[in-house]
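Engineer: Chains as they are written, first to last, in my numbering: chain A, 1 to 325; chain B, 326 to 594.
Possibly wrong hints are sitting among the right ones.
[Said to hold, decoys possible] Only part of the chain A face toward chain B is listed, based on derived beta-carbon distances under 8 Å:
| id | residue |
| --- | --- |
| 1 | Ser71 |
| 2 | Gly72 |
| 3 | Lys106 |
| 4 | Leu113 |
| 5 | Phe125 |
| 6 | Lys201 |
It should be emphasised that the hints constitute simulated quantities derived from the structure, not laboratory data. Here the structure is a predicted model, which is why all the values come from computation and not from measurement. Glycine included, every Cβ here is placed at the ideal spot set by N, Cα and C.
What follows is each chain in one-letter form.
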Amino acid sequence: MDIIRVKNLVKSYEIYRKEPGLWGSVKSFFYRKKDFAEAVKDISFTIKEGEVVGFLGPNGAGKTTTLKILSGILYPTSGSVEVLGFTPYDRKKEFKKQFGIVMGQKDQLVRMLPAMDNFLLFKEFYEAPEGEFDKTLEELIELLDVKEFLNIPVRKLSLGQRMRCELIAALLHNPKVLLLDEPTIGLDVVAQKNIRDFIRKYNQKKKTTILLTSHYMDDIKELCERVIIINFGKIIYDGKLADLISRYATEKIIKITATDTISKESLGKFGRVEDYQGIRALIRVPRDRVKSVAAEIISSNLPVDDIFIEDMPISDIVRAIFEGR
Amino acid sequence: MFRQLKQASVIISSAFQRMLSYQFSVITYRIGEVAEVLVLILMWSAIYSSGNGAVKGFTLNEMITYVLVGNLCAVAVRSFLPSVVARDIEEGKLSMFLVKPIPYIKYIFLNELGRIFLSTVLSVISQLCVILFFLDRIFINTDWRYICLIFLMLILAFIIELLIGFLIGAIAFWTEEVNGLQTTLERIKRFFSGGYFPLSLLPIYLITASKYLPFQYSFFAPAQLYLKKVDLGQGLEGILIQVVWVILLSLIVRVVWHMGLRKYEAVGS
Ligand SMILES: Nc1ncnc2c1ncn2[C@@H]1O[C@H](COP(=O)(O)OP(=O)(O)OP(=O)(O)O)[C@@H](O)[C@H]1O
Ligand SMILES: [Mg+2]
């Protein structure tokens, strides 16, 4: 069953351009030129129940705009959007009770209040049934390990602590659809991993449909089987992450550890050397030749201790797609 | 019903809790308020002592009563809603409410109740203290019919204050610079409420106009009722005008809200 259905979605923002400097400001005081910026240009996709889809694209691609339309915050300029069978911008109560959203750069918690008070406030917003709510809350507090700072005003929490509380706030009402806009932004690697692990577990347990944006490819790699890539407001890839890799990852990476220093030149003949550190180096090799090159390296008389073959980082693949290669 | 009450009480008390962390400004603002009233009384005393004994039918004592009772009413119904609504729109905070099952208007009204509770209580107490200080000068009205009517009038005035406050804040949907307009509108409101001087000093056409505007019912009208310068019948007529305004403003709020949301850009990622 399709939980999210987007068809020919277009969103343009009205913008007023102002020439720089004082004179430009004076002119714009009397007359402002209206212009339109198309942030999303005719995109279509569907998402099935229980899927975790990564929504990728460079800055300004239109990801946040799309999520805002899916959650009913913004009206589309044209095209149709359907989430859980509702039209989001009708903002029906029954619809809002079934989805949750986290925007990494925008807090929904009241900063002057402790997290726990916030949760109780949210409970009233959602008119959540007493027993069920308490059970969910307890579970989430446990899973995200936020017990120690539940009673500290949110403004005094660290970014990572706050983000965990934000996640809880978005999940208190057991949503069927979860929209996550950069939930790991600004977090350290450990905190990122914690959030990631949580999202994975949560999806496995509750079968929640999740649409997630992130600029950290680890998030995408670990969570999403399917990715939608968008650039300049248009979808340029929609499919399995694995297919993306096999289609676009033209190179593999051979990681070498040696017992003694190897000169850069002697490695250079196998492929493009990267991250050269004397006894450690990475060599980029075309995919189809990786096996034979690896064999060559091992059988050479270089003091190689260890050798690993890895996929190209997804960020490189995605960058290659963004750049239209 | 119970559910709704609980929801309201949780929202109000969280807003109240939040305001508690601003105790200092909550208290210092009240000093300014009391000072303003005292300055007004000083001013009128000076005017009366230099000229004739009555200004348009007000004796000095009546004028002092007008200032004191009027200000007491004004602080009791005042809110700061415009700036709250405008900020939510400008900073894109409104987005977070649009995805919640509770209507924003309902939330923000309840929130405002909790937010102003402390400052309103303190204002009312400090104004009552000033009144006690001038007790031997002021006109005393203990007729419960008048008092009840004044109460009813103030409740309606508060509802109108919230509705107008919401509309003023909603200007932020259309322009990023609400402050100038907001301040000007506040001045106009104050003028037509009789906050600067009794409206009966105005030319007759402005007096008539102000009677059909909603503003005088938070200051001038209740003060006149208290002074028995208008009778109960005229007071009831005022209430009727207020009821019409509540209905009218509710409709306008609805329309403006939906038009505004079409314009809303949800800034910030
Ligand atoms: N309120 C607005 N008014 C005008 N233009 C806007 C507005 N919001 C976004 N835009 C423009 O729309 C485009 C898409 O923005 P959007 O925030 O959707 O990008 P994004 O993919 O989320 O980027 P990022 O990865 O940086 O978060 C950008 O070019 C941006 O400048
Ligand atoms: Mg974004």
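Engineer: Are there hints from earlier that the structure breaks, and if so, what are their numbers?
Structural biologist: 6
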